[in-house]
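Engineer: Sequence:
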Amino acid sequence: MLDVGFGELFCFGIIALLVLGPDKLPVAARFAGRWYARAKRYISNIQNEIDRELKLSEFRKEMQDELDRLHSLEQSMQARLKEIEKASQEQRIHLAEQPEAACASQLKTTYILCHVPQHVVPFCSHQQPRRCERQNDVIPQHSSVELKIAV
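Read left to right, the sequence shown gives residues 1 to 151 (the numbering used here).
In case anyone wonders, no lab produced these hints; they're calculated from the structure. Quick caveat, the model's predicted, so the values are computed rather than measured. Be aware that a few hints might be false.
Ranges of calculated distance between the beta carbons of each label pair, as one might list FRET restraints [unchecked claim]:
| no. | residue 1 | residue 2 | range |
| --- | --- | --- | --- |
| 1 | L81 | R60 | 29 to 35 angstroms |
| 2 | Q91 | H71 | 44 to 50 angstroms |
| 3 | K82 | R60 | 30 to 36 angstroms |
| 4 | E66 | F31 | 35 to 41 angstroms |
By construction, the Cβ of each residue, glycine as well, lies at the ideal position given by its N, Cα and C atoms.
Between the sequences and the hints, there should be enough to build the whole structure, so can you do that?
Structural biologist: Pasting the structure below:
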């Protein structure tokens with residue numbers, strides 16, 4: 001820090017001994033040691049605080065980058081949601097424009113006869129034919145949905 005070698009310290013000690021004398025030299029050395037420790041601690045605290053601030057600013061920058069990324073993701077999701085909603089609306093309009101005959105032709109009723117041997121199903125004397133109907137896919141109308149990402 002100060003680039004003081006052993007020879008320089010030795011000269012400084014001899015001069016201090018001659019100026020202060022043997023009685024006041026130990027008191028002055030303790031006093032100088034305390035001030036040196038305080039100065040060193042103060043400088044260390046300032047360095048730690050600067051390091052913390054730098055890390056905090058880096059953390060803030062990373063957080064802002066992530067928030068920007070989330071915001072762009074939210075916007076793209078909103079755009080996709082609007083596209084899907086538009087396609088759904090067009091399909092609803094297309095289905096509403098179809099004549100009833102076309103809709104009726106889409107509905108098919110299928111009968112399945114099930115013959116199950118009596119030894120497979122106990123206590124069954126006769127199996128009734130089952131009727132299976134295919135439901136027309138009805139697209140439910142939803143109110144517009146807005147997607148928000150909570151941060």
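Engineer: Could you check the hint for me, namely that E66 and F31 are 35 to 41 angstroms apart, CB to CB?
Structural biologist: The hinted range 35 to 41 angstroms is violated for E66 and F31, with Cβ atoms some 53 angstroms apart.
Engineer: Does the Cβ distance between Q91 and H71 fall inside 44 to 50 angstroms?
Structural biologist: With Cβ atoms ~31 angstroms apart, the hint is violated.
Engineer: That 30 to 36 angstroms hint for K82 and R60 (C-beta), does it hold up?
Structural biologist: Between K82 and R60, where Cβ atoms are some 33 angstroms apart, the hint holds.
Engineer: Using the C-beta atoms of L81 and R60, is the stated range 29 to 35 angstroms upheld?
Structural biologist: 31 angstroms Cβ-Cβ, so the 29 to 35 angstroms window holds.
Checked against the numbered hints above, the structure breaks hints 2 and 4 and satisfies the rest.
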